[in-house]
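There are 2 protein chains.
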Amino acid sequence: MKVPNPVSKRLALYHRCVVSLLSEGKEVTSSQELGERLALKPSQIRKDLSYFGEFGKRGTGYELKELKLSLENLLSINKTWNVCIVGAGNIGTALANHTEFFKEGYRIIAFFDRNPSKIGKKIGTRSISVYSIEELKEKVRDLNIEIGVIAVPSSEARNVAEMLVESGVKGILNFAPVKLKIENVEIEDVDIAISFKALTFKIGVKEIERKRSVNKQDC
Amino acid sequence: MKVPNPVSKRLALYHRCVVSLLSEGKEVTSSQELGERLALKPSQIRKDLSYFGEFGKRGTGYELKELKLSLENLLSINKTWNVCIVGAGNIGTALANHTEFFKEGYRIIAFFDRNPSKIGKKIGTRSISVYSIEELKEKVRDLNIEIGVIAVPSSEARNVAEMLVESGVKGILNFAPVKLKIENVEIEDVDIAISFKALTFKIGVKEIERKRSVNKQDC
DNA sequence: TAGATTGTTAATCGATTAACAATC
DNA sequence: TAGATTGTTAATCGATTAACAATC
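Residue numbers (our numbering), protein chains in the order written: chain A, 321 to 539; chain B, 321 to 539.
Among the hints, erroneous ones may be present.
Treat identical chains as interchangeable: a pair holds within one or across any two.
The calculated lysine-lysine pairs, modelled on DSS-like cross-linking and capped at a C-alpha distance of 25 angstroms, are [what the hints assert, rightly or not]: (1) Lys385 - Lys322; (2) Lys522 - Lys399; (3) Lys367 - Lys499; (4) Lys399 - Lys441; (5) Lys361 - Lys438; (6) Lys522 - Lys499; (7) Lys501 - Lys457; (8) Lys441 - Lys388; (9) Lys522 - Lys329; (10) Lys459 - Lys361; (11) Lys441 - Lys459; (12) Lys346 - Lys522; (13) Lys526 - Lys501; (14) Lys501 - Lys329; (15) Lys499 - Lys329.
Simulated from the structure, these hints should not be mistaken for lab results.
Using the sequences and the accompanying hints, generate a full structural model.
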């Protein structure tokens with residue numbers, strides 16, 4: 321059965337929402353409540369979940385503890401993922417210090433960098449070692465790393481991605497502003513520059529609309 | 321005329337591609353060439369552009385210099401946007417050091433933070449001042465800041481967003497893992513935690529498919 | 001003119017939503 | 001049983017794509 325593309329991100333949103341409902345002491349929820357919190361239609365939430373099974377009880381709703389576990393299975397965060405970050409710069413450091421990721425099953429356990437002055441150092445509040453990029457393949461295998469984060473300049477991104485895939489990584493989170501077309505690996509892009517431009521595009525469109533409606537009032 | 325939602329991000333991709341074609345010394349391009357580079361259908365590119373005007377010449381293609389300017393108009397990056405970052409942590413610093421943004425019309429000119437030990441300091445390679453969050457409204461007005469970046473914990477994100485909007489900011493780039501529902505402002509989310517989970521979801525789906533196809537071969 | 005590539009229409013595809021029977 | 005809410009079907013909506021006339 322074909323699952324619509326946007327579902328992957330929404331499942332993650334549902335999980336976040338379920339966690340916060342649980343932290344409020346609640347025990348059950350409904351597609352309506354989730355929909356209100358996430359600004360989504362209840363029918364969309366039910367549909368999304370229905371691709372994977374039946375997680376609720378008719379007349380009652382969803383048991384939060386149960387739904388949380390089901391979502392964690394779907395998102396594959398019922399295990400711990402070993403993660404490396406290639407590029408020991410600011411973004412990499414920011415990620416390494418982001419405690420939330422640890423709680424959610426992502427363990428950042430290695431940095432890789434070209435810069436000799438960084439190699440051998442430890443980074444962030446968790447003191448994560450920086451290895452030479454030369455050692456990447458070896459270390460990725462030894463440390464059982466399954467996810468690689470690309471935080472290098474775009475000129476190096478393709479090379480790094482290929483190295484990661486060759487060493488057996490299953491997924492790549494790509495912060496470099498390039499479209500990587502690579503087989504045998506799942507890629508997720510986080511493109512901050514594009515987000516900035518999408519934002520100013522939307523501001524621009526809105527201002528044009530506002531001007532137009534002002535003109536209409538003039539007539 | 322209704323413009324499909326995904327167009328905003330694609331326009332930004334076209335712009336990036338046009339810039340890099342120009343830097344390769346090219347002078348014209350075609351929807352086909354752009355499509356190949358971006359893994360998009362040529363007809364999609366032509367359609368996207370057609371919402372806003374006619375930027376090409378039949379039989380010839382698009383003049384790169386001209387197309388670049390047109391895209392910059394559409395994305396509203398034909399001007400300089402003053403930007404502030406609320407939350408002087410790792411992500412904020414990473415953004416402040418990211419030289420690309422400057423080149424593209426985004427000038428990060430202020431940080432705001434709660435932490436007294438940070439207030440008055442200067443951050444990053446550009447030495448951007450950190451002000452108290454108490455001063456936010458005043459400073460945003462004085463410095464003509466039109467875009468606010470939210471890089472605070474999610475518990476504070478809503479408050480910060482409201483302060484930004486009250487001080488007249490037109491757009492918000494939100495790094496906090498919450499859905500902000502606020503009027504009179506354009507919001508763009510960058511949700512790294514969700515991207516991680518979408519990634520492992522996709523890896524999980526792929527592994528299930530692989531197992532299934534192996535089983536089929538067994539029959 | 002012949003070849004190329006646009007801009008645009010119409011067809012297709014994919015995602016969302018409403019509606020409702022099933023059932024707790 | 002009456003009320004609530006699910007899971008699912010079918011209808012709607014929105015986005016993409018193919019096809020082609022227009023034109024450089």
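Hint by hint, here is what the structure shows:
In this assembly of identical chains, Lys385 and Lys322 lie within 25 angstroms of each other by CA distance neither inside one copy nor across copies; the values are 27 angstroms within and 42 angstroms between. Taking the closest pair of Cα atoms, Lys522 and Lys399 come within 25 angstroms of each other only across two copies (15 angstroms); inside a single copy the shortest separation is 39 angstroms, beyond that limit. Taking the shortest alpha-carbon separations for Lys367 and Lys499, only the inter-copy value of 21 angstroms comes in at or below 25 angstroms, while the best intra-copy value is 31 angstroms. For a Cα distance limit of 25 angstroms, the shortest separation of Lys399 from Lys441 qualifies neither inside one copy, at 29 angstroms, nor across copies, at 41 angstroms.
For the identical chains of this complex, Lys361 and Lys438 are neighbours neither inside a copy (49 angstroms) nor across copies (42 angstroms), given an alpha-carbon limit of 25 angstroms. Taking the closest pair of Cα atoms, Lys522 and Lys499 come within 25 angstroms of each other both inside a single copy (23 angstroms) and across two copies (18 angstroms). Taking identical chains as interchangeable, the C-alpha atoms of Lys501 and Lys457 lie at most 25 angstroms apart only when both belong to the same chain, with a minimum of 20 angstroms there against 44 angstroms between chains. Taking the shortest alpha-carbon separations for Lys441 and Lys388, neither the intra-copy value of 38 angstroms nor the inter-copy value of 42 angstroms comes in at or below 25 angstroms.
When the C-alpha separation of Lys522 and Lys329 is checked against a cutoff of 25 angstroms, the pair qualifies both within a copy, at 22 angstroms, and between copies, at 10 angstroms. In this homomeric assembly, Lys459 and Lys361 never come within 25 angstroms of each other (Cα to Cα): the closest approach is 45 angstroms inside a single copy and 39 angstroms across copies. In this assembly of identical chains, Lys441 and Lys459 lie within 25 angstroms of each other by CA distance solely inside one copy; the values are 16 angstroms within and 39 angstroms between copies. In this homomeric assembly, Lys346 and Lys522 never come within 25 angstroms of each other (Cα to Cα): the closest approach is 37 angstroms inside a single copy and 30 angstroms across copies.
In this assembly of identical chains, Lys526 and Lys501 lie within 25 angstroms of each other by CA distance solely across copies; the values are 17 angstroms between and 34 angstroms within a copy. In this homomeric assembly, Lys501 and Lys329 come within 25 angstroms of each other (Cα to Cα) both inside a single copy, at 21 angstroms, and across copies, at 18 angstroms. Taking the closest pair of Cα atoms, Lys499 and Lys329 come within 25 angstroms of each other both inside a single copy (19 angstroms) and across two copies (13 angstroms).
In this structure, the hints that do not hold are numbers 1, 4, 5, 8, 10, 12, in rising order.
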